[in-house]
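S.K.: Sequence:
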Amino acid sequence: MTERLLIIGGDAAGMSAAAQARRRRPAKELDVIAFERGVYTSYSACGLPYLVADHIDDPQDLVARTPEEHRANGIDVRTRHEVVAVDLDARSIVVRDLDAGSERQEAFDALVIATGATPVRPKLPGVDAEGVHGIQTITDGLALRDHVGAHQHANQRAVVVGAGYIGLEMAEALHQRGMPVTIVEGSAQPMSTLDPDMGALVGDAIRSLGIELRTNTAVVAFETDDDGHVRGVVTEDGTLPADVVVLGIGVRPNIGLARDAGIAIGEKGGIATDARMATSVDGVWAAGDCIETRHRVTGRPVLVALGTHANKEGRIAGENATGGDATFAGVIGTAITKVCEYEIGRTGLTEREATESGFDHVTATIESTTRAHYYPDSQPITVKVVVQRGTGRLLGAQIIGKEGAAKRIDVLATAIWAEMTVDEIVQLDLGYAPPLSPVWDPTLIAARQAAGLV
Numbered sequence: 310m311t312e313r314l315l316i317i318g319g320d321a322a323g324m325s326a327a328a329q330a331r332r333r334r335p336a337k338e339l340d341v342i343a344f345e346r347g348v349y350t351s352y353s354a355c356g357l358p359y360l361v362a363d364h365i366d367d368p369q370d371l372v373a374r375t376p377e378e379h380r381a382n383g384i385d386v387r388t389r390h391e392v393v394a395v396d397l398d399a400r401s402i403v404v405r406d407l408d409a410g411s412e413r414q415e416a417f418d419a420l421v422i423a424t425g426a427t428p429v430r431p432k433l434p435g436v437d438a439e440g441v442h443g444i445q446t447i448t449d450g451l452a453l454r455d456h457v458g459a460h461q462h463a464n465q466r467a468v469v470v471g472a473g474y475i476g477l478e479m480a481e482a483l484h485q486r487g488m489p490v491t492i493v494e495g496s497a498q499p500m501s502t503l504d505p506d507m508g509a510l511v512g513d514a515i516r517s518l519g520i521e522l523r524t525n526t527a528v529v530a531f532e533t534d535d536d537g538h539v540r541g542v543v544t545e546d547g548t549l550p551a552d553v554v555v556l557g558i559g560v561r562p563n564i565g566l567a568r569d570a571g572i573a574i575g576e577k578g579g580i581a582t583d584a585r586m587a588t589s590v591d592g593v594w595a596a597g598d599c600i601e602t603r604h605r606v607t608g609r610p611v612l613v614a615l616g617t618h619a620n621k622e623g624r625i626a627g628e629n630a631t632g633g634d635a636t637f638a639g640v641i642g643t644a645i646t647k648v649c650e651y652e653i654g655r656t657g658l659t660e661r662e663a664t665e666s667g668f669d670h671v672t673a674t675i676e677s678t679t680r681a682h683y684y685p686d687s688q689p690i691t692v693k694v695v696v697q698r699g700t701g702r703l704l705g706a707q708i709i710g711k712e713g714a715a716k717r718i719d720v721l722a723t724a725i726w727a728e729m730t731v732d733e734i735v736q737l738d739l740g741y742a743p744p745l746s747p748v749w750d751p752t753l754i755a756a757r758q759a760a761g762l763v
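If you want our numbering, it's the position in the sequence shown, counting the first as 1, plus 309.
Hints listed in this document are in silico derivations from the structure and should not be mistaken for laboratory results. Quick caveat, the model's predicted, so the values are computed rather than measured. The beta carbon of each residue, even a glycine, is placed where N, CA and C say it ideally should be. Mixed in with the good hints, there may be bad ones.
Claimed, not checked - Using C-beta positions, here's what the derived DEER-type ranges look like:
no. : residue 1 : residue 2 : range
1   : Ala573    : Lys432    : 26 to 32 Å
2   : His364    : Leu745    : 20 to 26 Å
3   : Gly592    : His364    : 21 to 27 Å
4   : Thr674    : Glu545    : 29 to 35 Å
5   : Leu451    : Ala409    : 37 to 43 Å
6   : Gly667    : Gly633    : 33 to 39 Å
7   : Gln369    : Glu545    : 41 to 47 Å
Stated by the list, open to error - Think about it this way: if two alpha-carbon atoms lie no more than 30 Å apart in a straight line, the pair counts; the simulated DSSO-like pairs of lysine-lysine are:
no. : residue 1 : residue 2
8   : Lys647    : Lys577
9   : Lys337    : Lys432
10  : Lys647    : Lys716
11  : Lys577    : Lys711
12  : Lys577    : Lys432
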């Protein structure tokens, strides 16, 4: 009898699980059925700011595999189908056909939950007004792009709420579309994943572009006109005129289905899984932005919503749901972004995180250039490292600079992954040529300075 693997969610983690399961088991042995409430599968949500900025014209360019392509590979993808309940006793799910308006039960032998994360939408007056946009799907991105196109030529203003990765990338997109942009952030600095001194450099960079940045500013409501369109963002310090508002406050793991079914939720609020992506229920796996995973430096559970991890976790879930024994090695929080010509990278632990995790540590911050100082168009770069006192083990790093800066974080991420010391990092054989790097790469300069402090 043919077994059934059902997958809830048709993006990175879900379709990676489906594809891996199909590679391992032929259709005569295993039905692989994926349910997606939207119309797109396997798309890059990270590319949405660049769709809004009009750098990408066709939204299909963000799609790695269409539903039709998945079906041609033996995966039964059902778009516009929302899973509304999981019955673990009956080993079945309840699926709603959003077009037909009907519901039906689907039985499973194995289940992968890949429900992703949900953008934070504060419960404030006016938050549902026309012109207040959250960004999660391609449909969201297209709606915002169309809205901006209708407003960008009348000197009308955009306000971005939140100065994390999504907020900064959306501010860049709106700025590049020619709109005056204000970013409102409740914390003292943009980019809370950076240390305050590095976050302050990001703030300076944002303001240098002509983007207004208001920190320590709480949003309390959204002002609307008689037609229900947003006209202002009300803060504790006054009202900011706004014709377009983007919410970039972050995301929360979408755990409702799992929680309601009785699947264990972890201390950070994501679905609890082990290294094999197994949940607390036999035969049920979970992957992607809806789960917690282990931080390799601290050993503690963390929430890290990134497509890189989601694809790896989904592949492992699909492997193990079909009898394999793969494991996920964990994360160290490596991330990069850009705001116009400024690039930002971070990995491992910040000073605050190192302290909270019980590490006695020192830091070193250096300023250098992305190329040899004498080479034309050499750009500034600031590198900060967090190092365990005594052992010299690299715990974390942050980089801010212009062209050629952010991807250098990968060298330091690799060093953290391998538990290298700063003395070992100084000895790394990195590439050198004046158009690409100083003779001492900035990452090595930072490691060398830290080595003298531990």
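S.K.: Next, verify each hint and record whether it holds.
M.R.: Now the hints, each set against the structure:
The hinted range of 26 to 32 Å is satisfied by Ala573 and Lys432, whose Cβ atoms lie roughly 27 Å apart. Between His364 and Leu745 the beta carbons are some 25 Å apart, a value that agrees with the proposed interval 20 to 26 Å. The beta-carbon spacing between Gly592 and His364, approximately 43 Å, falls outside the hinted interval of 21 to 27 Å. Remark: the range hint 29 to 35 Å for Thr674 to Glu545 is upheld by a beta-carbon distance near 33 Å.
Between Leu451 and Ala409 the beta carbons are some 24 Å apart, a value that contradicts the proposed interval 37 to 43 Å. Look at Gly667 against Gly633: about 36 Å separates their beta carbons, and that is inside 33 to 39 Å. Distance hint for Gln369 and Glu545: a CB-CB separation of about 43 Å, consistent with the stated range 41 to 47 Å. Proposed proximity of Lys647 and Lys577 is supported: the alpha carbons are some 28 Å apart, at most 30 Å.
Our distance criterion of 30 Å between C-alpha atoms is broken by Lys337 and Lys432, whose separation comes to about 49 Å. Restraint check for Lys647 and Lys716: the C-alpha separation of about 11 Å stays at or below 30 Å, so the hint holds. In summary, the hint linking Lys577 to Lys711 is not supported, as the alpha carbons are separated by about 34 Å, beyond the 30 Å threshold. This hinted pair checks out: Lys577 and Lys432 have alpha carbons roughly 22 Å apart, not beyond 30 Å.
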